[in-house]
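Chemist: Now for the letters of each chain:
Number of protein chains: 4
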Amino acid sequence: MKFKICSELAYKINAETTFIFNIQAVNSATQLILQESLTTNVAGLKLEEFTSGLRQARFLRVHIENAGPFTINYTAIVEMNLTPVNVHALHPEIELEKVDDDVIPYLFPSRYCQSDKLYNFAEKEFGHIKNTYEQVSAICNWIYKNVNYVSGSTNASSSAFDIITQREGVCRDFAHLGIAFCRALSIPARYFAGYAYKLKPQDFHACFEAHIGGKWMFFDATKMVPSHSLIKIAHGYDAADTSFASIYGDANPLYVKVSCESLTPDVFDAHEKSGTFKGLSYG
Amino acid sequence: MKFKICSELAYKINAETTFIFNIQAVNSATQLILQESLTTNVAGLKLEEFTSGLRQARFLRVHIENAGPFTINYTAIVEMNLTPVNVHALHPEIELEKVDDDVIPYLFPSRYCQSDKLYNFAEKEFGHIKNTYEQVSAICNWIYKNVNYVSGSTNASSSAFDIITQREGVCRDFAHLGIAFCRALSIPARYFAGYAYKLKPQDFHACFEAHIGGKWMFFDATKMVPSHSLIKIAHGYDAADTSFASIYGDANPLYVKVSCESLTPDVFDAHEKSGTFKGLSYG
Amino acid sequence: MKFKICSELAYKINAETTFIFNIQAVNSATQLILQESLTTNVAGLKLEEFTSGLRQARFLRVHIENAGPFTINYTAIVEMNLTPVNVHALHPEIELEKVDDDVIPYLFPSRYCQSDKLYNFAEKEFGHIKNTYEQVSAICNWIYKNVNYVSGSTNASSSAFDIITQREGVCRDFAHLGIAFCRALSIPARYFAGYAYKLKPQDFHACFEAHIGGKWMFFDATKMVPSHSLIKIAHGYDAADTSFASIYGDANPLYVKVSCESLTPDVFDAHEKSGTFKGLSYG
Amino acid sequence: MKFKICSELAYKINAETTFIFNIQAVNSATQLILQESLTTNVAGLKLEEFTSGLRQARFLRVHIENAGPFTINYTAIVEMNLTPVNVHALHPEIELEKVDDDVIPYLFPSRYCQSDKLYNFAEKEFGHIKNTYEQVSAICNWIYKNVNYVSGSTNASSSAFDIITQREGVCRDFAHLGIAFCRALSIPARYFAGYAYKLKPQDFHACFEAHIGGKWMFFDATKMVPSHSLIKIAHGYDAADTSFASIYGDANPLYVKVSCESLTPDVFDAHEKSGTFKGLSYG
Numbered sequence: 282m283k284f285k286i287c288s289e290l291a292y293k294i295n296a297e298t299t300f301i302f303n304i305q306a307v308n309s310a311t312q313l314i315l316q317e318s319l320t321t322n323v324a325g326l327k328l329e330e331f332t333s334g335l336r337q338a339r340f341l342r343v344h345i346e347n348a349g350p351f352t353i354n355y356t357a358i359v360e361m362n363l364t365p366v367n368v369h370a371l372h373p374e375i376e377l378e379k380v381d382d383d384v385i386p387y388l389f390p391s392r393y394c395q396s397d398k399l400y401n402f403a404e405k406e407f408g409h410i411k412n413t414y415e416q417v418s419a420i421c422n423w424i425y426k427n428v429n430y431v432s433g434s435t436n437a438s439s440s441a442f443d444i445i446t447q448r449e450g451v452c453r454d455f456a457h458l459g460i461a462f463c464r465a466l467s468i469p470a471r472y473f474a475g476y477a478y479k480l481k482p483q484d485f486h487a488c489f490e491a492h493i494g495g496k497w498m499f500f501d502a503t504k505m506v507p508s509h510s511l512i513k514i515a516h517g518y519d520a521a522d523t524s525f526a527s528i529y530g531d532a533n534p535l536y537v538k539v540s541c542e543s544l545t546p547d548v549f550d551a552h553e554k555s556g557t558f559k560g561l562s563y564g
Numbered sequence: 282m283k284f285k286i287c288s289e290l291a292y293k294i295n296a297e298t299t300f301i302f303n304i305q306a307v308n309s310a311t312q313l314i315l316q317e318s319l320t321t322n323v324a325g326l327k328l329e330e331f332t333s334g335l336r337q338a339r340f341l342r343v344h345i346e347n348a349g350p351f352t353i354n355y356t357a358i359v360e361m362n363l364t365p366v367n368v369h370a371l372h373p374e375i376e377l378e379k380v381d382d383d384v385i386p387y388l389f390p391s392r393y394c395q396s397d398k399l400y401n402f403a404e405k406e407f408g409h410i411k412n413t414y415e416q417v418s419a420i421c422n423w424i425y426k427n428v429n430y431v432s433g434s435t436n437a438s439s440s441a442f443d444i445i446t447q448r449e450g451v452c453r454d455f456a457h458l459g460i461a462f463c464r465a466l467s468i469p470a471r472y473f474a475g476y477a478y479k480l481k482p483q484d485f486h487a488c489f490e491a492h493i494g495g496k497w498m499f500f501d502a503t504k505m506v507p508s509h510s511l512i513k514i515a516h517g518y519d520a521a522d523t524s525f526a527s528i529y530g531d532a533n534p535l536y537v538k539v540s541c542e543s544l545t546p547d548v549f550d551a552h553e554k555s556g557t558f559k560g561l562s563y564g
Numbered sequence: 282m283k284f285k286i287c288s289e290l291a292y293k294i295n296a297e298t299t300f301i302f303n304i305q306a307v308n309s310a311t312q313l314i315l316q317e318s319l320t321t322n323v324a325g326l327k328l329e330e331f332t333s334g335l336r337q338a339r340f341l342r343v344h345i346e347n348a349g350p351f352t353i354n355y356t357a358i359v360e361m362n363l364t365p366v367n368v369h370a371l372h373p374e375i376e377l378e379k380v381d382d383d384v385i386p387y388l389f390p391s392r393y394c395q396s397d398k399l400y401n402f403a404e405k406e407f408g409h410i411k412n413t414y415e416q417v418s419a420i421c422n423w424i425y426k427n428v429n430y431v432s433g434s435t436n437a438s439s440s441a442f443d444i445i446t447q448r449e450g451v452c453r454d455f456a457h458l459g460i461a462f463c464r465a466l467s468i469p470a471r472y473f474a475g476y477a478y479k480l481k482p483q484d485f486h487a488c489f490e491a492h493i494g495g496k497w498m499f500f501d502a503t504k505m506v507p508s509h510s511l512i513k514i515a516h517g518y519d520a521a522d523t524s525f526a527s528i529y530g531d532a533n534p535l536y537v538k539v540s541c542e543s544l545t546p547d548v549f550d551a552h553e554k555s556g557t558f559k560g561l562s563y564g
Numbered sequence: 282m283k284f285k286i287c288s289e290l291a292y293k294i295n296a297e298t299t300f301i302f303n304i305q306a307v308n309s310a311t312q313l314i315l316q317e318s319l320t321t322n323v324a325g326l327k328l329e330e331f332t333s334g335l336r337q338a339r340f341l342r343v344h345i346e347n348a349g350p351f352t353i354n355y356t357a358i359v360e361m362n363l364t365p366v367n368v369h370a371l372h373p374e375i376e377l378e379k380v381d382d383d384v385i386p387y388l389f390p391s392r393y394c395q396s397d398k399l400y401n402f403a404e405k406e407f408g409h410i411k412n413t414y415e416q417v418s419a420i421c422n423w424i425y426k427n428v429n430y431v432s433g434s435t436n437a438s439s440s441a442f443d444i445i446t447q448r449e450g451v452c453r454d455f456a457h458l459g460i461a462f463c464r465a466l467s468i469p470a471r472y473f474a475g476y477a478y479k480l481k482p483q484d485f486h487a488c489f490e491a492h493i494g495g496k497w498m499f500f501d502a503t504k505m506v507p508s509h510s511l512i513k514i515a516h517g518y519d520a521a522d523t524s525f526a527s528i529y530g531d532a533n534p535l536y537v538k539v540s541c542e543s544l545t546p547d548v549f550d551a552h553e554k555s556g557t558f559k560g561l562s563y564g
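Residue numbers (the working numbering), protein chains in the order written: chain B, 282 to 564; chain C, 282 to 564; chain G, 282 to 564; chain W, 282 to 564.
The following block holds chain B by itself, in its conformation from the complex (with noise of 0.2 Å):
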């Protein structure tokens, strides 16, 4: 499938400012940007783009010199090439010895997402599911089931062990829990951040990915949009490291944009309609 991607984010700069962007989808076997084009409306601006260690993110930096507006346009063309992954041939256990090591720092507890808070309470609820793909998928049903998704109800200090007792949350908050659930069962698990086709209102999206059977399986706690549709800006440990922006200096937001259209005509979905159940995994 292929898919249009828009962003645009404005800005309101008061004094010298560098900001982090995280808005540019991953480039990759099973995403391949075939067409992409970033503007601004400051001549002259320096784009540096980065990656961060092993890490697929693509940051984004622009040093800003002087006040007055700003805007920045990211436009991409992206063909997904998502293979399904039969979950029920994927090794039932963990098997910590025997991960990659850059897998490793998944399993530690990260800003928004206090997995050492959370064994008792992990284990109560999904101790007893001896499959991991099955307690991963228990762990996001219980989420959608338990925490309200209610726009407004977090702000950007909220974390997983607010929304586990305060129960509402948005996306964002959906996926913190999910990995902290995760990590306190010593499962890998990785924040994913977004575009996303058919999702209402039309915003940037956080998934997550579970380490299972030696690939990062996909999930989606909120159930917003079917799955095959996202298309991935970054991995990370929460959204502390995959922010859309980070600013360092003085400047107010103004507003964000955000747009994702199908180029193709919809395909049946493997995932939902087939009798085998299966699974995505972005590599």
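Mixed in with the good hints, there may be bad ones.
When chains are identical, the list treats them as one kind, so a pair holds in a single copy or across two.
Calculated cross-link-like contacts (lysine-lysine; reagent style BS3-like; alpha-carbon spacing at most 25 Å) [claimed, not checked]:
1) K426 to K405
2) K285 to K481
3) K481 to K327
4) K379 to K479
5) K426 to K411
6) K481 to K496
7) K496 to K293
By construction, these hints were calculated from the structure, which means they are not laboratory data.
Assemble chains C, G and W onto chain B, guided by the hints.
Modeler: Below, chains C, G and W without anything else, positioned relative to chain B:
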């Protein structure tokens, strides 16, 4: 200077367990390992060393199948070649637009360093100081003056957000608060775990590094040991990814023994005794 | 001085609801109600006034059976007869062994005033001040200087423990922090809810009282209104038991209108203009 | 049934200290004190008993001028005359519009019972249960099943908001969580501190009371002791105002010894053995 460092960690294994240890000294130009050994009481155990991403930490993965006692011993002789840095010559301001890409992640909040909640506090206390090195020095002085070092006053869940109000903690908490303050002021900062000569009682020590003028400068808000007396094990976001032992499975810690001896006569401490104030960087 | 105070609270009742309102002025020797009225838009409603324990608060219980709009109006004319207290003549120390029994509970931590977490902080900041009135004045000055008054920066869950680090809040938060500091220093303190003349924008106001030398002395860390301009609605442990409206059932708040006018010319403000510093006590 | 209860509390006084003790049994129709004594090791000490507001708690204020050892002993013989309550005959719903005025404050959140953060959680877990007594019983069963009783797992700062996620605690934490859930569901609830027969190890015990059908019904989510075996010391908002000892000054606790013996043969326990389920109320 040469140091001999040792650590011994003992556990009661109840069932299959994977350990991620973080006890070996970094091997680098400024910290040269002359000799080292790693032994356990369990015959035929695979000790798998790896580093994570761009970090210098030498993680050690050990998988133990069967119940029983488990002890791991690490010994090394390390030669330190730290060159004092003239802090007056450091660039006085943070220049985020110029820092290396791998420095950026140390601006983000992490599990134990919730810098996103400390903006106002940090700005009010330290915002008026214009020189970055002086700002971080002021942070250390503030922590030293305002937080009581009290063994046992905190636990594995305690974070900078707790310490800033409760005003007591141990070296780990002092480091977390220092890091959180730095990041709240847009100064990249990372956790430093190490062995420390003359630390009483002997234990692993925690400090932090702040990125100033293109260098990772060393800071210790506890002021418990002379400078030039630390041997780095790892740096990371915070204690979450530099813990000396992470346990996945079922095992009880029994004891931790740490020692650090000097093998050369105490040399003149340029940092503290010279007229020109000098800082340290582990590179 | 005479004041005319008014409040109007409007709700959309969705299903059977019980309200506990806390909007009527205290009637006492220092605050004499000359005239007052209470009206609603629902005919035949029982308005049940009661006080709780030894407190002066006049709770109002209203039970509404049916869905529909609900508005309650309160108007009163109040004569204030506060006598300034010479704070230099107050006993300089807390004498817990002598305070009345009903003062003791105001030493305990409460929902929004977690004084048990603030011992070290309070001791370090204010422990050196020996005179209790000066100590509480220093607390107010510290809050005024270190906490930004920012409308909308906090919510109904925010407490002293949050504010002390986040350093922004509204009058309710300023009062909570003042109370928490006092109790951490063994000074009995209680929340003061009232109407305030010259408050902009017009709203309910929150301050606090500290028990010094046998009197409940008035303090306002926001410094937003002149002294002598408050009309007390209630005092209590904190906002939890002095909320202007507690809703049990299913109702949505629509709006709150508050006003407070002076019916006498502005008199000489002895507190602020005289050479001798004087305090206030509402008794 | 008759019980003999004793407690001995010992302290090292470093400087002038005021204690507020809460160790004496309530004297009431259902709990008749036949005999009691209070002794200390300090000659000529004034032991000042008082009650606070409408509560039955018998606070004891003791002021000690000089440094030295201090021990206080309390012994009493108490006759319990609790009449089992047929819980099926209790009014099935909360009728806030009818409860006595002094019950209302037990609806508000308090230091350790942040019911204002538990609305969604409580509604999702217990909202479907229509009968109030059954609802509170379900709360106790949930706590008993989901929270591990682990000595030393919590401290004086731990609250219902912590316990609900960390899922371990002691009797005090079980009571706080029970109270917080009740209040979140608009059921008035209060903390119950007491002596408990057959509690192992012997210590003060904490339970809670919920206001149902006009009565304060007794609940113990720990299920550690048989019903009919508690002697009430106090009820209050939570542990903050029913602590067995509050210390204002400079003193170190040395030890606490508590005992509770039955002076009559164990009688038939109507509550647990009869066909008709019966509850208890201490009045």
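Chemist: Could you run down the list of hints and mark each one as holding or not?
Modeler: The hints, checked one at a time:
no.	hint	verdict
1	K426 to K405	both (17 Å within a copy, 9 Å between copies)
2	K285 to K481	within (16 Å within a copy, 50 Å between copies)
3	K481 to K327	neither (34 Å within a copy, 46 Å between copies)
4	K379 to K479	neither (38 Å within a copy, 39 Å between copies)
5	K426 to K411	both (21 Å within a copy, 21 Å between copies)
6	K481 to K496	neither (29 Å within a copy, 46 Å between copies)
7	K496 to K293	neither (42 Å within a copy, 32 Å between copies)
In the structure shown, a violation is registered for the earlier hints numbered 3, 4, 6, 7, in ascending order.
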